[in-house]
Amino acid sequence: MHANTEQPLPRQEQPILRVRDLHAQYRTSPFGVGRGVKAVDGVSFAVRRGEVYGLAGESSSGKTTLIKSIAGAIRPPLEIVGGSVEFAFLPGYGGLQRAPRADVARIRWRNLSYIMQGSMSVLNPVRRVGSAFVDFAYPHIGGSRKQFERQVIAHLERVRLDASVLAAFPHELSGGMRQRATLALATICRPDFIIADEPTTALDVVVQKEVLGMMRGIQRETGSSVLFVTHDMGVHAHVTDRLAIMYAGRLVEEAATARIFRKPLHPYTRHLISSLPRIGDDAPREGLGGSPPNLADPPSGCRFHPRCPLATEICRREVPAMLEADDGHRVACFAVDQGGRA
Amino acid sequence: MNDLLLDISEVSKSFVRGGLLSRQKIAAVNQVSFQLAARRPEILAIIGESGSGKTTLARMILNLETPTSGKLVLDGIDLAGISGSAGRMAFMRKVQPIFQNPFESFNPLKRLDRYLFMTRRRFSGAAGEPAAEAVVDDALHKVGLSLREVRDRYPHELSGGQLQRVAIARAMLAQPKLIVADEPVSMIDASLRISIVNLFRRLRDDLGISIVYVTHDLATAYYISDRIMIMQKGRVVESGDARAVLKAPQHPYTRQLRDAVLLPEVADAAPDPSLSINELISPGAPERRP
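From first to last, the protein sequence lines are chains A and B.
Numbering follows this note's numbering, with no gaps: position 274 of the first sequence is 274.
Just so we're on the same page, this note's numbering is the position in the second sequence counted from 1, plus 1000.
Hints are computed from structural coordinates only; laboratory data are not their basis.
All values reported here derive from a predicted model rather than from experimental measurement.
Please note that the accuracy of each hint is not assured.
[Stated by the list, open to error] Cβ-Cβ distance ranges computed for the label pairs, FRET-style:
| no. | chain 1 | residue 1 | chain 2 | residue 2 | range |
| --- | --- | --- | --- | --- | --- |
| 1 | B | P1130 | A | E286 | 31 to 37 Å |
| 2 | A | P76 | B | E1157 | 21 to 27 Å |
| 3 | B | E1157 | A | R216 | 23 to 29 Å |
[Stated by the list, open to error] List time: in silico DSSO-like cross-link candidates among lysine-lysine, alpha-carbon distance up to 27 Å:
| no. | chain 1 | residue 1 | chain 2 | residue 2 |
| --- | --- | --- | --- | --- |
| 4 | B | K1247 | B | K1233 |
| 5 | A | K209 | B | K1233 |
| 6 | B | K1025 | B | K1094 |
| 7 | B | K1071 | B | K1233 |
| 8 | A | K209 | B | K1247 |
| 9 | B | K1071 | B | K1142 |
Cβ coordinates follow ideal geometry from the N, Cα and C atoms, glycine included.
With these hints in hand, go ahead and build the complete structure from the sequences.
So, in structure tokens, the structure goes:
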């Protein structure tokens, strides 16, 4: 319905993913009393082609629910109550969960792939790594088995793994090797879109940097778009092009990553960035008072207001809209509206 | 009065893996020695990747693991000689643990205040009810909570950050000389992490508690610790003043670790997106701020 009112953009500039006013909630009914936990509450954003879009937020800020909604992994008690999720390669359904199964099977791995935190849960523990490649990628790539194997081995070289890992069982590989194998698995079909959910959180720092470097290299080469979710701001600074900050089910700020780090506008983002300890910097850091909001009973108005140093009357009553403060820099804060930015 | 709070000399711990045919000995901790002075409370960070033996070392200090060889002495008590519940109690009065996952450190079926009152009763004598409440409330206030918030609550009713603060308050109640904290902030949200880390600093400065801070996070280690010890494959490869070690690391492994830290900073010439996202974000054209 919005498509009619918009001017057509050239293909390159059309976003690969467009999320519009998405609302998702967990509905439970303990003892017959219906209760909805609004884990995603009115989130809108777009991811461009060839871009790494970062999503940062604390635990229980709704980032996982948002990814689930985007990936179409909707199982009760989770339900989508409003809004739409549209991929450029699967238009017209308003979300993967509404698309026919055959269409979803066609785009999975070919257009849309995933890198998850626990590589063990992607790779079947009782089957060899090579069989995962056959299961996931062979139907999309086709050709002879010999040819496919050559392609897989060539692709594994990009993540500096040799062909012997194909014959190994997942438990025989180290955590870093496994995560590199899942990275190869997710990128072998050159997908348009990759959802990366804390892909390096479980890895040691040295290995993490290596895996992130490989990921960025492959992404540049294939031109895939990536939705990169992690709570680690250091990782975001290192890999993402644009960054959105999520707090209590809503986006509070979005801008080019460099901009978020240099000139954060939202009080929450400002605190998040200034509180990060840095080696070589001895200045004391202040903690944020209060505790993260309970999504079953979120604060009224702006959900950050109970912890916000700039909160005024209006913040308690009304929900700030996500408005553009500067070129490409969106923020949802009344204080910023009134020129209260630093 | 002992000069040394903690004296660890050439401690090793090895685990045996495999069965009859493929026995493999793994040296988790290999010939580690260090001391903590009794007079000057300090925060010692033990840094290492997974498998470096840092947690095994922490567990040996807590007497949860017996060393294969070497000697640990805590404030005059030889850990190898602890026996009987009275001996264990005397030991636990001096050293208290804080674990990584606060949801695992508390029994989900037990109310949180019971932990606090039990610790209070065991380690500071059975005072009357009002006095005990005042002491528990005071400890909770030091960590930014109050007895009112914690009383009659079960662990699932609190957030991870709150629970970890309850765990710290509980450890404080025993009035220990040493706290061993194994990755205490890695499960904590970013906005609360720095509060917990600041709390450790206050424990050191205000209460004179020494802290062994086990972590893989170099940035927080730099931020709070006085001394630092880098472990690799069970061995200490570098140790010394935290600032000196992290600013000018000598050992190649320390350098490698430090260079792998992803700084929360951006390089200068970052491309600014020329495309206005105005059109991309619908519904409706967003208003532009004046």
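Structure-based check of each hint:
1. B:P1130 / A:E286: 31 to 37 Å: About 35 Å separates the Cβ atoms of B:P1130 and A:E286, which means 31 to 37 Å holds.
2. A:P76 / B:E1157: 21 to 27 Å: 25 Å, holds
3. B:E1157 / A:R216: 23 to 29 Å: Because 42 Å falls outside the window, the suggested range is violated.
4. B:K1247 / B:K1233: Satisfied, since the Cα-Cα distance of roughly 23 Å is no more than 27 Å.
5. A:K209 / B:K1233: 20 Å, holds
6. B:K1025 / B:K1094: 33 Å, violated
7. B:K1071 / B:K1233: 20 Å, holds
8. A:K209 / B:K1247: Holds. A:K209 to B:K1247 sits at ~20 Å (cutoff 27 Å).
9. B:K1071 / B:K1142: 35 Å, violated
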